[in-house]
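**Student:** Could you put together the complete structure from these sequences and hints?
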Amino acid sequence: DTGVSQDPRHKITKRGQNVTFRCDPISEHNRLYWYRQTLGQGPEFLTYFQNEAQLEKSRLLSDRFSAERPKGSFSTLEIQRTEQGDSAMYLCASRSLRGHYNEQFFGPGTRLTVL
Amino acid sequence: SQQGEEDPQALSIQEGENATMNCSYKTSINNLQWYRQNSGRGLVHLILIRSNEREKHSGRLRVTLDTSKKSSSLLITASRAADTASYFCATGLGFGSGTKLNVKP
Numbered sequence: 002d003t004g005v006s007q008d009p010r011h012k013i014t015k016r017g018q019n020v021t022f023r024c025d026p027i028s029e030h031n032r033l034y035w036y037r038q039t040l041g042q043g044p045e046f047l048t049y050f051q052n053e054a055q056l057e058k059s060r061l062l063s064d065r066f067s068a069e070r071p072k073g074s075f076s077t078l079e080i081q082r083t084e085q086g087d088s089a090m091y092l093c094a095s096r097s098l099r100g101h102y103n104e105q106f107f108g109p110g111t112r113l114t115v116l
Numbered sequence: 031s032q033q034g035e036e037d038p039q040a041l042s043i044q045e046g047e048n049a050t051m052n053c054s055y056k057t058s059i060n061n062l063q064w065y066r067q068n069s070g071r072g073l074v075h076l077i078l079i080r081s082n083e084r085e086k087h088s089g090r091l092r093v094t095l096d097t098s099k100k101s102s103s104l105l106i107t108a109s110r111a112a113d114t115a116s117y118f119c120a121t122g123l124g125f126g127s128g129t130k131l132n133v134k135p
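So the protein sequences, as listed, match chains A and B. Heads up: the first sequence is residues 2 to 116, going by my numbering. Heads up: the second sequence is residues 31 to 135, going by my numbering.
Be a bit skeptical, because a hint or two may be false.
[Stated by the list, open to error] Derived DSBU-like pairs (lysine-lysine); straight-line CA-CA distance at most 30 Å: (1) K130(B) <-> K12(A); (2) K100(B) <-> K58(A); (3) K58(A) <-> K86(B); (4) K130(B) <-> K99(B).
These are computed hints drawn from the structure, not numbers from a lab. If you're wondering where the values come from, they're calculated on a predicted model, not measured in any experiment.
**Tutor:** This is how it looks when you write it as structure tokens:
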């Protein structure tokens, strides 16, 4: 257990539905990252926050994807009008900006299946 | 993209043998990191090597970095069945596609 939690762990939805995932980072970590991982591939960066500011969102896969971190603590990732191609593992990671260490602490992921 | 790419894609060895995985990347880096992922789980950070370092050790792990060749290697010595996992290198926010290691007991 890295200290980063994600909820739910599994989500099955029908095409066209909206889904929202939550990530609770390690409490003192300023940075929070979202990744998508498909089978047999490495994590693909989506977006990240420093405190409540979303510093990079150009890699979000489409305008159906959005993320928030309203109070600089937990974050949510929403996918609207889901498509079968959205089926993947969605990973969250957090990191402290203190020191020089770049280590990201990953949560267990939310596995999304779109039927 | 700074994304690393690992080689080989899959590696199967006997317990006790050493496992070597390689990573190549495209642009200049400040550091390179290696992560491990057990099947269906999140990633766990293994080791970070800075651009001004050539070699780093942590337990049974040995990482090398050659910035002139834009490559790194991860060596796991005296492998155990519990080392079975996928291993990823990461530069910046980019991850490679990983090496899937299977250590047979």
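**Student:** All the hints need checking, so say for each whether the structure fits it.
**Tutor:** Tested hints:
Proximity of K130(B) to K12(A) is assessed by CA-CA distance (about 26 Å); at most 30 Å being required, the pair is judged to hold. Our distance criterion of 30 Å between C-alpha atoms is met by K100(B) and K58(A), whose separation comes to about 28 Å. Of the pairs offered as hints, the one joining K58(A) and K86(B) is violated, with about 34 Å between alpha carbons and a cut-off of 30 Å exceeded. The straight-line distance between the Cα atoms of K130(B) and K99(B) is roughly 23 Å, inside the 30 Å bound, and the hint therefore holds.
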